[in-house]
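Visitor: Just so you know, the protein sequences line up as chains P and Y, in that order.
Heads up, the first sequence is in my numbering, so the first residue is 955 and it goes up one at a time.
Heads up, the second sequence is in my numbering, so the first residue is 955 and it goes up one at a time.
Source of the hints: derived by calculation from the structure; they are not laboratory data.
Keep in mind the model is a prediction, meaning the values are calculated, not measured.
One should not assume that every hint holds.
Unchecked claim - For each label pair, taking beta carbons as the anchor points, the in silico distance ranges come out as: (1) Y:1054 / P:978: 23 to 29 Å; (2) P:1240 / Y:1167: 56 to 62 Å; (3) Y:1137 / P:1289: 51 to 57 Å; (4) Y:964 / P:1004: 27 to 33 Å.
Claimed, not checked - Reference listing, derived: stretches of chain P covered by chain Y, where coverage requires no fewer than 3 residues with Cβ under 8 Å from a Cβ of chain Y: (5) 1073-1083; (6) 1146-1160; (7) 1287-1299.
We put the CB at the ideal spot given by N, CA and C, even for glycine.
Okay, here's what each chain looks like letter by letter:
Number of protein chains: 2
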Amino acid sequence: MLEGLQIERATTKKVKPEESKLGFGNYYTDHMFIMNYEEGKGWFNPRVIPYQPIVLDPAAKVFHYGQTIFEGLKAYRTKDGRVLLFRPEKNFLRMNRSNERLSVPELDPNKAVEALKQLIQVDQDWIPSEEGNSLYIRPYVIATQAQLGVAPSTEYMFIIIMSPVGAYYPEGVNPVKIYVESDYVRSVKGGVGEAKTAGNYAAGLKAQELAKDKGYTQVLWLDGVHRKYIEEVGSMNVFFKIGGVIHTPALSGSILDGITRNSIIHLLRHWGYEVEERAIEIGELYEASKQGKLEEAFGTGTAAVISPIGELNWQDEVLVINNGKTGELSQKLYDTLTGIQKGELEDPFGWMVQAAVFDSQLAK
Amino acid sequence: MLEGLQIERATTKKVKPEESKLGFGNYYTDHMFIMNYEEGKGWFNPRVIPYQPIVLDPAAKVFHYGQTIFEGLKAYRTKDGRVLLFRPEKNFLRMNRSNERLSVPELDPNKAVEALKQLIQVDQDWIPSEEGNSLYIRPYVIATQAQLGVAPSTEYMFIIIMSPVGAYYPEGVNPVKIYVESDYVRSVKGGVGEAKTAGNYAAGLKAQELAKDKGYTQVLWLDGVHRKYIEEVGSMNVFFKIGGVIHTPALSGSILDGITRNSIIHLLRHWGYEVEERAIEIGELYEASKQGKLEEAFGTGTAAVISPIGELNWQDEVLVINNGKTGELSQKLYDTLTGIQKGELEDPFGWMVQAAVFDSQLAK
């Protein structure tokens, strides 16, 4: 157990929602984790408390200057009664890289994983059990000092909340239509595109709304300098299978270093695929398609794991990929990664971390 | 008075700080303004209430996806007992442009100015009277819906808080040393650099810290595409006097449309100066300096009004401007604009808006 951790249990528990009606990010568990930071004192007072509102001075820096970092990961309930986390240490290592970029103090990643495990144990009856459902975990840091000077905050809160979520694909993996964005830019090298910070997501909403109005699910972001190199799709990393080789944008400084991205690359190389991390021009895809070489395209992220791309629209030129169907490799990657996450397939890379064993199992 | 406005007065008042010890953004008045927004309902429940904490669900979108917009302006107490605001309608018009970019619902600018006037009248005894001091006003919008999907919030709060602040230059206008930033980028065309949103400020903190470590007050930002065109200085717009002509970066899409910037351009043209809004290469300044033509440089913003630049460091090449002294034109601009703001000089453009008349005056 995390040293100094206080646990205050909720005296009344919420009524749990029906598993078939979860959706994403609509319900929260009975507890949350909080820890405070003060300059000169460091992080202190780690505690699991009943889920409750955050009370902040109206001058708290998070409202004004956006010093806030978040992470996203999932806990899965296995059929044999364990709770598994997928590479959680990677999330907290990335959180520290984001923190560094935004002048937010670093956390101890091991202690953060310990805190998360404790929270999961307290709220383990919230982890859904139906196929495809999981517990989405949202760790985040906010700047809380009540001071309006444009300077890093001297006070922060680190918080973890958890939300039971439904299957991303209740009716099976399904390709999406993507609009290639030519006007708006998500990020640029030298900016904060590598950091998982709130401002990147606010910046992307407008293009996302316009794409939806045109009948597309999401946008494909191009780089801010040349306006032709592919960066991300929505808030996911993106991969292309061209002539049997897998291509994905290199981590050039404006792209999120996705944990699913990293895992997919591992898995593909493990299977013997050649994976090229490089600058990919949008025009290349159209060329490859004409030559019959563009075989599959998919986004990768924690929420969807794999999101196949069935169609691209770049300046009104429509490109249909794999007849708009989920590709064989996309499906295999999805099945394998979700199989490992649910503890149903072998975990050759030691990715899964056990967070809890259900009481009923312990009692055996 | 704003229709439907409720006013709840504080039953106990705070002890006011000494005017000589105000600083910037450290103290807040006894009251604040709040108004709520819900999709389908619009903005509702405008109210002046005692200054108090904001209570939000831990899943509120502002913490996660950064949908937040702010403004900054000042109220000045005149010697004859009036309270003046400087072009307040411009702030709320800009807030709406920022809102549009971040998918935040628009406000009625006239009603916002009315709400602000009401708040000022309730807290008018907080407006400092010593030379150079003023009441800094911070209107802002935050996304409050407790939902973790990456989509615009369906709920918001519009809040105004106010802080009595000390003189920016207690010992007279003073030039600063500026580091020209070559690695980090503030914004890029297609991004959110034009919007006054929290994320832009968080993104700038790192470079600011590094510049301070090197002995510089702030950074000069270059564009994210060519890395040579001047954008802003710290969080201010920037002007250069070269061979008698005034040059300032054009509003290219990544620069804030500063209200002080706009006012300075008005004033300069009114005085007969030629003002060029264009793309300015950093190298030009060094060339102009060699030819003895770089006469003055200064930042413009609400807090400082005019901030003369005495020295630039671009890749370790140091450029001293006007012998590191405040230029004649910089001083004249500062004296004129602050004179108009304090109601001591004629207001030829009708910029000042009366927010209140002190009770003692009304009683006369």
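Visitor: Please go over all the hints and tell whether each is borne out by the structure.
Guide: Evaluated hints:
1. Y:1054 / P:978: 23 to 29 Å: At 27 Å between Cβs, range holds.
2. P:1240 / Y:1167: 56 to 62 Å: violated (47 Å)
3. Y:1137 / P:1289: 51 to 57 Å: violated (42 Å)
4. Y:964 / P:1004: 27 to 33 Å: holds (30 Å)
5. 1073-1083: violated (count 0)
6. 1146-1160: n = 11 at 8 Å, threshold three: holds.
7. 1287-1299: With 0 residues in contact (Cβ-Cβ under 8 Å with chain Y), the coverage given for the segment 1287-1299 of chain P is violated.
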